[in-house]
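Using the hints, position chain A against chain H.
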Amino acid sequence: MAEGRQRIIHKYLRTTKLFPSIWCPGCGIGIFLGAFLRAIDKSGYTKDEIVLVSGIGCTGRIPTYVDFNTLHTTHGRALIFATGIKLVKPELKVIVVMGDGDAVAIGGNHFIHAARRNVEITCIVINNSIYGMTGGQLAPTTPLGLETTTSPHGNLEPSFDICRLAEAAGSVFVARSAVYHVGHMERLVGKALKKKGFSLLEIISQCPVHYGRRAGMGSAVEMMKWQMENAITEEKARKLSEEELRDKIRIGVLVDKETPTYQERLDTLQESLKEKAGAL
Amino acid sequence: MTNAELLSGNEACVKGALAAGCTFFAGYPITPSSEIAHMMAYELPRRGGIFIQMEDEIASLGAVIGASLAGAKSVTATSGPGFSLMQEHIGFASIAEVPCVVISVMRGGPSTGVPTHPSQGDVMQARWGTHGDRPAVVLAPSSVAECFGLTIEAFNLAERYRTPVIVLTDEMIAHMREKVFLPSSDEIKLVERLKPAEPPEWFVPYRDPGTGVPPMPAFGEGYRYHVTGLCHDERGYPTTRADEVEPFVRRLFRKISQDFDKLQWSETYYTEDSTLNVVAFGSVARAALRAVRDARSKGMKVGLLKLLILFPFVRRKVTQLMESSTTILVPEINMGQISREVKRVNQGKCRIETLNKVAHEPMTPHEILEKIEEIYG
Numbered sequence: 484m485a486e487g488r489q490r491i492i493h494k495y496l497r498t499t500k501l502f503p504s505i506w507c508p509g510c511g512i513g514i515f516l517g518a519f520l521r522a523i524d525k526s527g528y529t530k531d532e533i534v535l536v537s538g539i540g541c542t543g544r545i546p547t548y549v550d551f552n553t554l555h556t557t558h559g560r561a562l563i564f565a566t567g568i569k570l571v572k573p574e575l576k577v578i579v580v581m582g583d584g585d586a587v588a589i590g591g592n593h594f595i596h597a598a599r600r601n602v603e604i605t606c607i608v609i610n611n612s613i614y615g616m617t618g619g620q621l622a623p624t625t626p627l628g629l630e631t632t633t634s635p636h637g638n639l640e641p642s643f644d645i646c647r648l649a650e651a652a653g654s655v656f657v658a659r660s661a662v663y664h665v666g667h668m669e670r671l672v673g674k675a676l677k678k679k680g681f682s683l684l685e686i687i688s689q690c691p692v693h694y695g696r697r698a699g700m701g702s703a704v705e706m707m708k709w710q711m712e713n714a715i716t717e718e719k720a721r722k723l724s725e726e727e728l729r730d731k732i733r734i735g736v737l738v739d740k741e742t743p744t745y746q747e748r749l750d751t752l753q754e755s756l757k758e759k760a761g762a763l
Numbered sequence: 134m135t136n137a138e139l140l141s142g143n144e145a146c147v148k149g150a151l152a153a154g155c156t157f158f159a160g161y162p163i164t165p166s167s168e169i170a171h172m173m174a175y176e177l178p179r180r181g182g183i184f185i186q187m188e189d190e191i192a193s194l195g196a197v198i199g200a201s202l203a204g205a206k207s208v209t210a211t212s213g214p215g216f217s218l219m220q221e222h223i224g225f226a227s228i229a230e231v232p233c234v235v236i237s238v239m240r241g242g243p244s245t246g247v248p249t250h251p252s253q254g255d256v257m258q259a260r261w262g263t264h265g266d267r268p269a270v271v272l273a274p275s276s277v278a279e280c281f282g283l284t285i286e287a288f289n290l291a292e293r294y295r296t297p298v299i300v301l302t303d304e305m306i307a308h309m310r311e312k313v314f315l316p317s318s319d320e321i322k323l324v325e326r327l328k329p330a331e332p333p334e335w336f337v338p339y340r341d342p343g344t345g346v347p348p349m350p351a352f353g354e355g356y357r358y359h360v361t362g363l364c365h366d367e368r369g370y371p372t373t374r375a376d377e378v379e380p381f382v383r384r385l386f387r388k389i390s391q392d393f394d395k396l397q398w399s400e401t402y403y404t405e406d407s408t409l410n411v412v413a414f415g416s417v418a419r420a421a422l423r424a425v426r427d428a429r430s431k432g433m434k435v436g437l438l439k440l441l442i443l444f445p446f447v448r449r450k451v452t453q454l455m456e457s458s459t460t461i462l463v464p465e466i467n468m469g470q471i472s473r474e475v476k477r478v479n480q481g482k483c484r485i486e487t488l489n490k491v492a493h494e495p496m497t498p499h500e501i502l503e504k505i506e507e508i509y510g
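Chains as they are written, first to last, in my numbering: chain H, 484 to 763; chain A, 134 to 510.
Chain H with its partners taken away, still in its complex shape (with noise of 0.2 Å):
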């Protein structure tokens, strides 16, 4: 079985140049890019056919290991990028890779818009609940009270829920899931995928270098294995209280509702104004 997947991941991966990857020992990102991989091959898009683009830290060096249009773009703008290709070429699969901080702080405004807009982009915002390239420093994820490199005194602000923002912004499909339920994650993948629409999934991850030190919530492996133990499904957590469910990841859809894309509305413009041109 593991021989099978090994082989599915080398099928996408770049091998030409840059390995090893630039992530630490006990990264989530990794995890998450195995399920990512296995997730396309079952999706039958051809490495063609997919452009992956991504923005600054961690999670925005996705692209450069793996065989499809990749794009590697500035802090925060991914998604701007990713209009721009899916509007001109709609018959492309536009995957956006982010993190947190590239998402919800230096792109909080085109994360927002491209919820809105409903451009078909398949959006994955990988959170580990702090900035890890940079140092560890307070992400707008990162819990209240924690000792960051930025809030050596604990952080005062409040963290952003991301499903929750996307789902507000008008996200038609939004899902989250975690590193540790690597398979439920592979299929999580699989359904944003096949969304027509802005589609958003949360990975929860794990930062051991500069989350699990400063949080003491310690190596790589308590850092899952509190995923595991707080991980509830969505379904789960349906029947629980607030109270009940303070300190839980809620995992599964959260939101998957059915609103025309914008492709659809602009074909729809584009028809009429051909219509009223003809009927001149």
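Derived from the structure by calculation, the hints contain no laboratory data. We put the beta carbon where it would ideally sit given N, CA and C, even for glycine. Don't take each hint at face value.
To be verified - Okay, derived cross-link-like pairs now, DSS-like style, lysine-lysine, Cα gap no bigger than 25 Å in a straight line: (1) A:395 x A:450; (2) A:434 x A:450; (3) H:530 x H:674; (4) A:476 x A:395; (5) A:328 x H:576; (6) H:530 x A:328.
To be verified - If we take Cβ atoms under 8 Å as the criterion, some of the chain A residues that face chain H in the derived model are: (7) 152; (8) 154; (9) 157; (10) 178; (11) 188; (12) 192; (13) 199; (14) 204; (15) 218; (16) 221; (17) 353; (18) 360; (19) 371.
This is chain A only, laid out in the frame that chain H set:
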């Protein structure tokens, strides 16, 4: 066949972009450039193109770059504050070598400044606004007809050199109306980006083919490659190796500097026997031409060099003019920006005088003539 039309500078920029084959516009409303977005929003969907209003100017240029990577000729338009926000992605388009055009209509600054009045305060921002070293290509129309022609040329240069190109107009040029004769499409020469000739398995995306400009496939054409804002090797992969970074950044400069001779875009007026010469661009060049004619009628040997391209700076043209000049006068609606370039290439050849105005009103012929008379004694 030519068509006479009454157009504003902004409208002529749109006509020029469409004539160049532009099919994608992303922008954000800002005075005094908004008419470009208005007309694009009307025209592009009717032609099967894409218009999208983004959430800010950072997003606008990002979407334009994405569209260009997907194969579309793309443009955005903005002014001062929006141009500041776009600097991040002008740098990205430079390092990733993505053709695109930015039309920036200068208004009074800094900050919100005087939004409805002309200025020439963004010359150096157009050259140096983004961080890091990179070459800049900046065109400066001084009439409605030039707005049309230079916007087409901006697309041609962007496609030829795989670089962002800036069309720097000002509020006066943008909003004034003139009768222009538009050439028919078969009279317009267009440049398209070079596509790879080899099959995908032999393709090395950033290898210098000798011209300094690597061929560029669009996403989805079977040439899977990596595009990044990091310094990269020939294959597009990030690198920090000195022996890869140094030649890469030097190639970005060389691909344009090798053509400096072809890019001396400028016009001279009355320079056969002139000893006092005015160097001007944009709306100020119009006033300068009138002032020069008035000075001529008074018997003064005055000439004009009008710059159509600001960067790369037309060094050869300016230094040639300096050989026969005792004085060069550089009038600008700023505190002296293109005059710095003139002084840089002067190297003691002649006297350089400046005339500056920052009330953000058009420079008048009278003001320039007064200065000419003062210099002439």
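Evaluation of the provided hints:
1. For the hint pairing residue 395 of chain A with residue 450 of chain A, the CA-to-CA distance comes to about 11 Å; that is within 25 Å, so the pair holds.
2. For the hint linking residue 434 of chain A to residue 450 of chain A, the alpha-carbon distance of about 19 Å falls within 25 Å, and the restraint holds.
3. Of the pairs offered as hints, the one joining residue 530 of chain H and residue 674 of chain H holds, with about 18 Å between alpha carbons and a cut-off of 25 Å not exceeded.
4. Only pairs whose Cα atoms come within 25 Å are accepted, and residue 476 of chain A paired with residue 395 of chain A is accepted, the gap being roughly 22 Å.
5. Our distance criterion of 25 Å between C-alpha atoms is met by residue 328 of chain A and residue 576 of chain H, whose separation comes to about 22 Å.
6. Straight-line distance between C-alpha atoms of residue 530 of chain H and residue 328 of chain A comes to about 20 Å, which keeps the hinted pair within the 25 Å bound.
7. Interface hint status for residue 152 of chain A: violated, as the beta-carbon distance to the closest one in chain H is roughly 19 Å, over 8 Å.
8. With its C-beta approaching chain H no nearer than about 13 Å, residue 154 of chain A sits outside the 8 Å limit, and its interface hint is violated.
9. A cut of 8 Å between beta carbons decides the hint on residue 157 of chain A: the least distance to chain H is about 6 Å, and the hint holds.
10. The closest approach between the C-beta of residue 178 of chain A and any C-beta of chain H is roughly 6 Å, which is under the 8 Å cut-off, so the hint is satisfied.
11. Taking 8 Å as the C-beta contact cut-off toward chain H, the hint placing residue 188 of chain A at the interface holds, the least distance being around 4 Å.
12. The interface hint given for residue 192 of chain A holds, since its Cβ lies 4 Å from the closest Cβ of chain H, which is under the 8 Å cut-off.
13. For residue 199 of chain A, the interface hint holds, the least distance from its beta-carbon to any beta-carbon of chain H being 3 Å, beneath 8 Å.
14. Here the hint on residue 204 of chain A is kept, as its CB sits about 6 Å from the closest CB of chain H, short of 8 Å.
15. The closest approach between the C-beta of residue 218 of chain A and any C-beta of chain H is roughly 11 Å, which is over the 8 Å cut-off, so the hint fails.
16. Taking 8 Å as the C-beta contact cut-off toward chain H, the hint placing residue 221 of chain A at the interface holds, the least distance being around 6 Å.
17. The restraint placing residue 353 of chain A at the interface with chain H holds, with a minimum CB-CB distance near 5 Å, inside the 8 Å limit.
18. For residue 360 of chain A, the interface hint holds, the least distance from its beta-carbon to any beta-carbon of chain H being 5 Å, beneath 8 Å.
19. Interface hint status for residue 371 of chain A: upheld, as the beta-carbon distance to the closest one in chain H is roughly 7 Å, under 8 Å.
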